[in-house]
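Novice: Relying on the hints, combine the two individually framed chains into one complex.
The lines below spell out each chain.
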Amino acid sequence: MEQRLANTWRMTVNEKKFIETALLSDLRVDGRRPFDYRKLTIKFGREDGSSEVQLGETHVMGYVTSQLVQPYRDRPNEGTLAIFTEFSPMADPSFEAGRPGESAVELGRVIDRGLRESRAVDMESLCVVAGKSVWAIRVDLHILDNGGNLIDAANIAALAALLTFQRPECTLGGENGQEVIVHDPEVREPLPLIVHHLPVAVTFAIFDEGNIMVIDPTYKEEAVMGGRMTATLNSNGDVCAVQKAGGEGVMSSVIMQCLRIASVKAADITSKIKDAVDAYNTERALRKVKRHPPSVALEVSVPDVIMKENQVDELSRHRAQNLKDEPERSCSNDGTSIGVEISTSRGKNNAFIGGPSSWDPYSKGISSCFIRSSQDLPGPLYLAKEQEEAKISQNSIESDPEAANTLSSGPVGASVASQQANSPKSLKDAVKPKNRKKNKASSTSDMS
Amino acid sequence: MKVEQPSDPPLNSCVDQLVVPGDTVLDLSTMSNQTIKLGEGLRQDSDKISVMKAGKLRLSKPNKYWVESSHKRYVPCVEDTILGIVVDSKPDNFLVDIKGPTLAFLPVLAFEGGTRRNIPKFEVGTLLYVRVVKANNSMNPELSCTDASGKAAEFGPLKDGYMFETSTGLARMLLSSPTCPVLEALGKKLSFEIAIGLNGRVWVNASSPATTVILSNAIMKSEFLSGTQQRIMVEKLMQKLQ
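Going line by line, the protein sequences match chains E and H.
So the first sequence is residues 1 to 448, counted in this note's numbering.
So the second sequence is residues 1 to 242, counted in this note's numbering.
Bear in mind the hints are in silico, worked out from the structure with no lab data behind them.
For glycine and all other residues, C-beta sits at the position ideal for the given N, C-alpha and C.
Keep in mind that a hint or two might mislead.
If you anchor each label on the Cβ, the simulated ranges turn out as follows [what the hints assert, rightly or not]:
# : chain 1 : residue 1 : chain 2 : residue 2 : range
1 : E       : Asp268    : H       : Ser13     : 47 to 57 angstroms
2 : E       : Glu20     : H       : Glu68     : 31 to 41 angstroms
3 : E       : Arg138    : H       : Glu68     : 46 to 56 angstroms
Okay, chain H solo, but in the shape it has when bound (with noise of 0.2 angstroms):
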């Protein structure tokens, strides 16, 4: 929302602040021989940087900035790691729904030691851990159940526990480093296994339907509370379990 003077170095200003389209972040008549990297949400005007989404401006030394925004719906991206789920199985591809705008494409040979003899059978309905290979936005995304070297790497169909959905941006705040307040609180009193993708679905699986049911709501809960509310919520919790 603000407006930049061009004499103050504005980027470093900007950084972790809300900022809205139209916003000018930078003035490049100003600035030295640098090179600035531009990821999503940002563009370049001649001499301005132009802000395009709505969101927070992110840096990320030395130089790569960009805007980070939270939505319902997911825009497939490049080595992003997913929750799909089987929608139809083709001679080729199995059809996965990724919660984007088109369906992806998973090929029946993307697994490890994958060959036409052993072709998984997944039914519809089963939920894969997978990751984006491939994402044009002319083109169905492609996706893949290996990582880059070939190995399986925990990629593959999820079995049992629960799936839920949220927003993007709650996504991104449960696999951010240090771990996020609400797991950790959580990890000190339960045991659970926990898949999350980047697209807004999460998966856990407890030894209990009880455990799982309070992991996903306090997981739901905690969007929009800060780390020590996180903490006394998961505080809460625990104590009403006893």
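For reference, chain E alone in the conformation it holds in the complex (with noise of 0.2 angstroms):
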């Protein structure tokens, strides 16, 4: 009892005078102007649907997660939406562990209001079985620091997870078709919640009588204040929803400024709350490209010259073959992953040494287009082809007088020659004489 009542904050009567005379000349403790918002911070934790909000000193932390649950009897075919606050008692002196307050309770409500009633999140497309299976959304809103103005902090929260959560989907299988199956989110990509729009609340603090209001108060303010007063509405000017529990009364035409002021804040903060999703939602899309290992990355650095090399019939077939073994890295866009994965398969060409063009009907043919466009390879390339030369030496007979010749032609051609050579022999037990003739088909397509 004696460490409670030394631990609770105290306001002096100095205090509660001097922010009510600053006010007076429009003045506010911490420098800001009466409709301005402290610093907001949006960030993401590493699970789906989890976010953290500041504002100013306020810390809100906001997590939504789903299950799968009998709808209600007279909604069968809606999905459900809860939000349950925790006011910890770290956030507070005054808060206290176990049943939530009476303002734990008020904030619960405002916010599900506003996204109950103005349907901010579509309902329907939650539903999997109408009557019997159905999507329930759960937001946990926990407040770690009390630094004034919690209702606005956490409405950020909770929009910001509910924005950035996926939820696993689903099918209908089983014996009968009507066995829901829950598909893991490694097997099937989640799905996003369909959001309509973004209701954000605004907070008022009301001092002298009514005539003057204030957003976004800090704690003190807030124990300062006559009153409060909340309007939740969305970028589209939609007024979702208006709370004001008690406290001073204020004239309808303060109320209607108020709320067009709002509707500008409301603006801004859904502007900063669609940034902070899209950078975490790139930073998410990124993570999920698989990337090569970094043994292959030193190749990198010659593009140009392998999209030239495509023509040339031999790699082209690599390519296909790598292309078929690992789809991932064909779906990725950028032109460098290409350009790898087109290396990957110059590297495997590096580690094979034989008599390639013994089995090899059509090396000859290979080497004399690969004469053609030797002309147009340029520089990086001598460094692999000098390698390959070496091991040219060392093979069969037969590819000797042909290297011979390719190499009077220039050196480039030989070894790119004796590369493509080379490398049939890795693939030699993959590639059947038929694959080979469609790929060549096909290369010598592409190269019309």
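Specialist: In structure tokens, the structure reads:
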């Protein structure tokens, strides 16, 4: 008891008078103007659907989870949305663990009303089997630090978490086609929630018997204020909810002015939330792109050359083979990855030595068309080629005169030819003669 | 963080350095006949002096050593001057909140010329500048609004102005002599009154609310700035004012 008495935050008479006097001249204690928000930071956790919002000193964490449940009887084809708030005792000495107090219930209600009544989250898309199985979305809001204006910060945390949340995809299956199978996120991409618009809560604190309104009160201003009003609007200018629970009376003209100011602030906050969510989504997408192992990265500097080499049959054949083996790599869009992809085949080629053309009836043709394109090949190839040339000298007799011929035409040509000759050996086991013909046909069409 | 070699005179090299609990600061077996006074945060373990609190080791010539750290909580110490808030009044004492583990008692007679006839009336929430008279960890601390000789000496209630809370480290920095750079720079351009409590409470009063707001924000921001940085910050604030 003594401890709690000592720990309670107390307001002095001096502070109360000062805050009120300063507001008469439009000045707030932290230097803001009456309609300025504090600095807003939105961060996301590693999991989908977890957000952390800092509004000045106030710190709120939002967490969204989903579960398959039976729908309500009167709404058999809609999902459900529930908001839970937790006022942690570390946020404020007056918060106690256990049952939510009055302010906790009010906060949960205001945010819930803003999302539900305005139908911000699409509920019908959450239905899996009408009447039997729907998704129940649960939003948990944890207050970590009470620096004033919990409603706004918690609302932003809820919106940010809902926008980045992804629920697992589920299909109907089983024996009778009625069983719901929930797919693992690794197997099927999870789906985001459909959010039509963002209802943003803007809180006003009332001072001086209803004459002065300020936005985003701090902890001290909340202790001194006469009353509070929260307006939830979206960027389209629709009023989703208004909450004014007790406190000083305010004239209707002042309320209309507040709603106008709130719509401007709501648009501003909506754009900030959207920017943060976009940045997070891009980063998440980048994380999902599977990268090649680092040893291949050395070859990346030769993308242009590789494109020209595509015209060469052997390489294109290998590329087709590689593409078949690793569909994921081909899915990535940027040019560097394609370059890397091809260089892996080149890497493989470098590893193989041997009598290439003994089984390859097309080698002569390949080398001739290679000679045509060889003039285009620039310098960097020389490095790899010289290695190949060394290998060529050890090759079978058949390849030697061929190699010698190509060598005379140009060193580059020789190495590439031998390289191409070498490369088939690696794929010899995998490639059937039929495939080679098909690929050759496709490659000729590529060349043309 | 340095574990001292017994051959060095280690205390001198540790002074004004950061130390953490467990550091051995001095090995007494190497010292000749000297008297060393240990302040808070230091403790004698037979032959060694070791550190108990994290902070900076300080020396006051000739032989007083202690560890200084900054907290948001206040541990009452005798002869500290602090700012308290009246919570309740009893027949014998006022109950005053001093940001410590327990509430403190301020006897109703502990004022200059205080008798049973002229007991002051403080409403709940009055800010007082007081001195700690008794402070044990088992009892509620006792305060007084007079200095040791019984004179008022600026103690008592503070009128108007604005109070804000900081850490104990910042309060000590503001009270240091020579004058802290931020206060010196602010004092050159603005005129104001200031009362600093060692429990981390600061009260400022100026002629206009704008000045008071600037003062409070400048002081709060100056905690982790060096001297030159503090002066630069005040310069920028003054330019904005004009």
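Novice: Run through the hints listed earlier and report the numbers of any the structure violates, in increasing order.
Specialist: Per hint list: zero violations.
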